[in-house]
Amino acid sequence: MCNFKKYSQLISVIVITLILIPACGPKTSASPKVTTFIFTQEFDTLNPLYSNMWFSQITLELWNGWAWNFNEKNEPVPYLVKEMPSIENGGISADGKTITVKLREDLKWSDGIPLTSEDFVFTYDMTISPKNAVATTYPYDQLASLEAPDKYTIVMKFNEPFAPWQATFWKGILPSHILKPVFENEGSIDNAEWNLKPTVGFGPYIFKEWESGSYTRFVANPNYWGPKPKIDEIFIRFVPDDASQINALEAGDGDLGTFIAYSDIPKLEQEGIKIIPAFSGYNEGMFFLISKERGHPAMLDVRVRQAIAMGIDRESIVKNLLLGKTAVPASYWDALPFYNTPPVQNYPYDPEASNKLLDEAGWVDSNNDGVRDKDGVELVLRYGTTTREVRQDTQAVVQQDLAKIGIKVNLLNYDSDVFFASYDKQGPAATGQLDIMQWSDTTNFPDPDYYYWYCDEIPSAENPQGANWQYLCDEELDSLFKLQATQVNPEERQKTYQKINQIFHDNVYWLGLWQDPDMWALGKRLSNYKISGVTPFFSIGEWEFSSGE
Amino acid sequence: MGILNIMIAESTPNLFVDDLETPPLPLTTLAWKRFKRHRMAMLGGVFLILLVLYSFGGSLFVEEKYANFTNPPIRLNTPSWQHPFGTDTVGRDVLARTIYGGQISMIIGILAVIIETSLGILIGALAGYYGGTIDSLLMRFTEAMLNIPEIFLLIVMAKFFGNKIPNLTLLGRTFSGSVVVIIVIIGLTSWMYLARIVRAEFLSIKENDFILAAKATGTSNTEIIIRHILPNSIAPIIVSATLGIANAILSEAYISFLGLGVQPPTATWGNMLDGANNYIESAPWLWFFPGLLILLTVLSINFLGDGLRDAIDPHSRAI
Amino acid sequence: MTRYILHRILQGIPLLFFISIILFVLMMNMGDPIATMGGRTATRPADRERLKRQLGLDKPIVVQYFYWLAGNDWTKIDLDGDGIGETYGERKGVLRGDFGYSLVNRGKPALAVIGERIPNTLILMVAAELVIILGSLLVGVYSALHQYSFTDHFITTLSFIGYSMPIFFIALLSMYIFAVLFKRWGLPYLPTVGMFDPQVGKTAGQVILHMILPVLSISVISLAAYSRYIRSTMLEVMNQDYIRTAKAKGLPRPQIVYIHALKNASLPIVTVIGLDLPLLLGGAVVTERIFAWPGMGRLFLDHVERGDLPVVMGILMLISVAVVVFQILTDIVYAWLDPRIRFG
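First to last, the sequence lines map onto chains C, P and S. Numbering (numbering that gives the first Met the number 0) for the first sequence: 0 to 548. Numbering (numbering that gives the first Met the number 0) for the second sequence: 0 to 318. Numbering (numbering that gives the first Met the number 0) for the third sequence: 0 to 343.
No wet-lab data here; the hints were simulated from the structure. Owing to the predicted nature of the structure, the values given are computational and were not obtained by experimental measurement. Keep in mind that a hint or two might mislead.
[Stated by the list, open to error] Each computed DMTMM-like pair below joins lysine to aspartate or glutamate, with the alpha-carbon atoms no more than 25 Å apart:
1. C:Lys196 - S:Glu115
2. C:Lys207 - S:Glu115
3. C:Lys170 - C:Asp110
4. C:Lys179 - S:Glu85
Bound-form chain C, shown alone (with noise of 0.2 Å):
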């Protein structure tokens, strides 16, 4: 065993020297630019129909693309459209069914073959084709259909005006040249070998190499039809854990991270990492079971909703977990001020107005047991969550503040794929399990169309994916819902949104903790850039090293 020990130290610190001789020789003048980006998750394809992961889908901005991306304030900027279609010129047509896109015409693939019309009508085919089992359909199951009249033009109709167009379609397109034959001969692209490895795309970089659990490396496009980018390979290392994102952030040997926790900001900050802060429309927060037949009954009365968000000190959680890196949301729509116009203003943390609150609907504590009862029942509620830190953090906070209130939960942790599971297979949350349920979500940012507070969306033997958590059937809610969906129209469509937040708001159907922005970290390598909340890459052609390296 000593001896051992003895040995081992010997042999590293003889192999450590070894390495380091060769590694401090001088660099040649003339390397390339790399950049090397730090990534905690790896991506499962890089086909853009085939993933639902975000590290792949903001990936694509390298080497594939949106029609249209969004520039840091989240505004739109035609990238392979000539301009953005609106009502004024003539792109939406006055019912708001038709859509007409106008192509640029000097697209072109890195391998020389021109980008048209064709290549998204083929997207469109195999997204919708049911040979291919694609991620998701949506948006493109709402088109009534797709033409290309000619080779940098194509039409979208649709059956009902289709608000939520801007931040739905043609996220990434398929090169039509490399996968119409794989298709024709293997009669789906599901096992194409251009989804792992998709060597001919049209971004300003290309992908050269994926080496699996380790680094995915991106070089410079020859044939990008745009300005050349300033830097010549992004090499994308995908680490398991934010403490060796935070450490090679630190050493130096990355560029760029992502989703930096929030405890971490101060330490990287004071390395003269800059954090930037990208709202992308997330929030964290709190869903309640509201139902009659499968939730807890103090749950139905408004005054018990409203009693656990003035219950719940926020702010405190943000203070301290979140080190006031963040704020509270008062609404689902705080990253859109023009849909949260005039803004809802946020429930206070007042434990003795929550308390008037729950005695006034009756629930108090007869039998002395430090939790408040009613008919019999015992105001205890079911609180679950997935398996992230923060989040059980959050958890053991909330449980200590509610306590306080004579509100008991018991805590709940699952799995996300268990968490998330649908109700035909046994969903905690879609099965009606969770009294609260906590996670952070976005609409279809930038656009805040949302689908699962209809009333047919309630899980059922009959309707086993239902996406209906709640269990709430809001009559009024459910209509303002499909209205806005409709409203092509801007300003209408802000007046909506305006009674959906009330209501929200009014009936603490969703109570936020907090904003859950993307947390950027840039080395002091980089410069010039920019980063969006829905298409951070946007201008990474742009980026530059810093002068001086």
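Given chain C's structure and the hints, the job is docking chains P and S onto it.
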């Protein structure tokens, strides 16, 4: 645990040769005498008592409420007089959590071993006593379970049973349902070696004259198994169960460390280590104390089990 | 001998079959692979329904198992949701060497996903095995020859500690000492995560450097156990008649120890090493997780998280096959080493 047997088999010098020449003593006295001579086992026993006192006696001084009391403003504080083991990510006192975590870890260890032992005895006894098809079917099953490394089975089972059991309230304390899940899955994945041992014991004992005699007088099979064979094979079962507790505590720690075990706020030594990866440098007290306690407990039990084996089952030193 | 090997292999087949059923049943309830599909939001209801159908997850468990085992290329499956099968399936089934496509890395065969990681795990295993065997021989023989000395007692205690050491604890501790503290003290320190530094590239030196801590963590338990074991077999052999004879004949001590005694003592060790493969592989899961080693264990954890049945089943079946094969090999080597054993 294959290695366990080997380890225990030869962990101490062969000190007891001359026992054979001493005049016969009552069995328990003899066992105690042997046990006392095993210094490391005695030390292990003393340590174990201290650890049990720490976990269970500690609750006389520290309330469970305090162990679960969150105080975010003092999160991740370094060890100090108020918090000798520091505070965790929501400002809970790590010392208090190791006390209550120890209770859960030990309870899990003991209850899992009860399941393990029951299953092991049941399957081993059935296979050994009846033989034939029952034997070969049960042994194939045992072999199949043995074939998959325990940790993989634990992970898969943790996902299988996970979250199907609601929280329990027992003696005024609320336990996460995941505690029950962990107990069950550890029990279900660890009975195989014991089953083999019991089977072997049964195979050899059932050929003895007194069993044949009992059979001839029409004693029922159940009675033979319970009243005659089992008492005669109790020594290896006790030893295996003792060591099983260490193994179960370790299993709990592994599975909780991987985030699939007992869910907070119920603390166990294992789940206090979950996420420790992120705090290796910044907050070593988060993982050091629970890790050390696991090590000490497992070590003590291993010493104790070793001594027990020498004391009550000296013949099983061979593999 | 050949008959014996054949017999053992034939015995292994129903065993593997048995294992696959147990695992498949367990796996059916592991969570919903299409719940989020790695995304940040839950999958849309319409997509869930369609994907379940297209990926065959809506079938009863017996049918799914059968498709997994024997494939579905002989039957028409329903892709478009009209309830009538119209396309032939494309899975060949495990019996024909097709473990299906990964549900995570879509379009990649499960075997390819696993295959990329196997070498990484093997490097770790082989290195650990070397350290274990060499280390335990060294320690074991030394303490056998110095029986009851202070060092012997010291090693006994130390090996008990090593044996009781949870892998994660030794891993965290060694990371703290050799990476964090060494760095703080200005000493050359070891890397803690990954297989190589991307700035340098995947060179042999890099890989060795990154292997030191993981190998140390995996080896400690077995090293402690084996050295005890070797010590005792050595002691036993040293008391045998032929060694006494050799001693009496006045053969030089090194020759007795290293040629006669060690050779005979190493016999049981072979068995032990062969049979402890599951333990070693199990240790790799935790170690690879902590040190972010891109091996099979980490792959397993990552894919269990997303309910990737083809890959998870693939890994577990490969391990089971490896364990069975190793058991047979162990038997053969044992027979080969020990002339007294003849398999009928």
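Checked hints:
{"no.": "1", "hint": "C:Lys196 - S:Glu115", "in the structure": "holds, 15 Å"}
{"no.": "2", "hint": "C:Lys207 - S:Glu115", "in the structure": "holds, 18 Å"}
{"no.": "3", "hint": "C:Lys170 - C:Asp110", "in the structure": "holds, 21 Å"}
{"no.": "4", "hint": "C:Lys179 - S:Glu85", "in the structure": "holds, 21 Å"}
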